[in-house]
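2 protein chains.
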Amino acid sequence: MFVLNQRLKDDTVEVVRLKLSVLLLMKDRSFPWLILAPEREDIGEIHELSVKDRAVLMEEISLASKVIEMLYNPDKINIGALGNVVPQLHIHVIGRFRTDRAWPGPVWGTGPAEPYSGDELRVACERFRAAFESSHSF
Amino acid sequence: MFVLNQRLKDDTVEVVRLKLSVLLLMKDRSFPWLILAPEREDIGEIHELSVKDRAVLMEEISLASKVIEMLYNPDKINIGALGNVVPQLHIHVIGRFRTDRAWPGPVWGTGPAEPYSGDELRVACERFRAAFESSHSF
Numbered sequence: 044m045f046v047l048n049q050r051l052k053d054d055t056v057e058v059v060r061l062k063l064s065v066l067l068l069m070k071d072r073s074f075p076w077l078i079l080a081p082e083r084e085d086i087g088e089i090h091e092l093s094v095k096d097r098a099v100l101m102e103e104i105s106l107a108s109k110v111i112e113m114l115y116n117p118d119k120i121n122i123g124a125l126g127n128v129v130p131q132l133h134i135h136v137i138g139r140f141r142t143d144r145a146w147p148g149p150v151w152g153t154g155p156a157e158p159y160s161g162d163e164l165r166v167a168c169e170r171f172r173a174a175f176e177s178s179h180s181f
Numbered sequence: 044m045f046v047l048n049q050r051l052k053d054d055t056v057e058v059v060r061l062k063l064s065v066l067l068l069m070k071d072r073s074f075p076w077l078i079l080a081p082e083r084e085d086i087g088e089i090h091e092l093s094v095k096d097r098a099v100l101m102e103e104i105s106l107a108s109k110v111i112e113m114l115y116n117p118d119k120i121n122i123g124a125l126g127n128v129v130p131q132l133h134i135h136v137i138g139r140f141r142t143d144r145a146w147p148g149p150v151w152g153t154g155p156a157e158p159y160s161g162d163e164l165r166v167a168c169e170r171f172r173a174a175f176e177s178s179h180s181f
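Going down the list, the protein sequences come from chains A and B.
Residues 44 to 181, numbered by our numbering, are exactly what the first sequence covers, in order.
Residues 44 to 181, numbered by our numbering, are exactly what the second sequence covers, in order.
Source of the hints: derived by calculation from the structure; they are not laboratory data.
Being a predicted model, the structure only gives us computed values, none of them experimental.
Fair warning: there could be bad hints in the mix.
It does not matter which identical chain is used: a pair holds within one copy or between any two.
Here are the simulated lysine-lysine pairs, DSSO-like style, with alpha carbons at most 27 Å apart [to be verified]:
(1) LYS52 <-> LYS70
(2) LYS109 <-> LYS52
(3) LYS95 <-> LYS62
(4) LYS70 <-> LYS95
(5) LYS62 <-> LYS109
(6) LYS70 <-> LYS109
(7) LYS52 <-> LYS62
Make a model of the complete structure from these sequences and hints.
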């Protein structure tokens, strides 16, 4: 049975369940930062998924990128599957701005998360959820 | 017409042309570090590719990961599509080791490349090429 890694659970809020992945929002207002966690047991690498799951994952990455673009209009999308710290497969999809704290470097390990206020987090999460729920029109 | 970005050209050697992407080896012996550059004009983001090209790209990422695993037996594969510096779409596929200079952080921006000797580079490139050319058996 798939159980979300505890570190991912602590650092994020759940936005929506997609076909393959649970879609999470990082609790760091420095970046519009989504994480896709494919709900498959004991998988650490993309190439360990089936060909079919990989194709679905690619479309979920693409959808997450488009939603971030639509809502935040970033200068660049950064996508990463690292897992050096959290071994459960998860894919970062992050909106980047030339003015953000880590530009042009990657965001990982660039400092402590800047927390959303409770209300901001709820609003951001709801905007993302609404965008994904209407995403059949993309 | 697709023309490989000059910075990518300078930092890599070509290993092989796959169906969608040209497969490059970074001239940095610190990591087994491949780059896939989809041969499509004026594309900066994965979601700008067609659905069909995205599915092919996913399989090329997966194949590159498997080849690195087979040849180097790393502790983890890191995959990244950043493009904050080089705007032409390219995907990093990197073998990571608990003992490498950047572990557990990402590799990007962690220091100057450690050059291969001329012979090492040729040998590494040939090993990769042979692995990809026999990859129908994977």
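Hint by hint, here is what the structure shows:
| no. | hint | verdict |
| --- | --- | --- |
| 1 | LYS52 <-> LYS70 | within (10 Å within a copy, 38 Å between copies) |
| 2 | LYS109 <-> LYS52 | within (24 Å within a copy, 29 Å between copies) |
| 3 | LYS95 <-> LYS62 | both (12 Å within a copy, 19 Å between copies) |
| 4 | LYS70 <-> LYS95 | neither (31 Å within a copy, 33 Å between copies) |
| 5 | LYS62 <-> LYS109 | both (17 Å within a copy, 25 Å between copies) |
| 6 | LYS70 <-> LYS109 | within (20 Å within a copy, 33 Å between copies) |
| 7 | LYS52 <-> LYS62 | within (19 Å within a copy, 38 Å between copies) |
Hint 4 alone, counting from the list given before, is not met by this structure.
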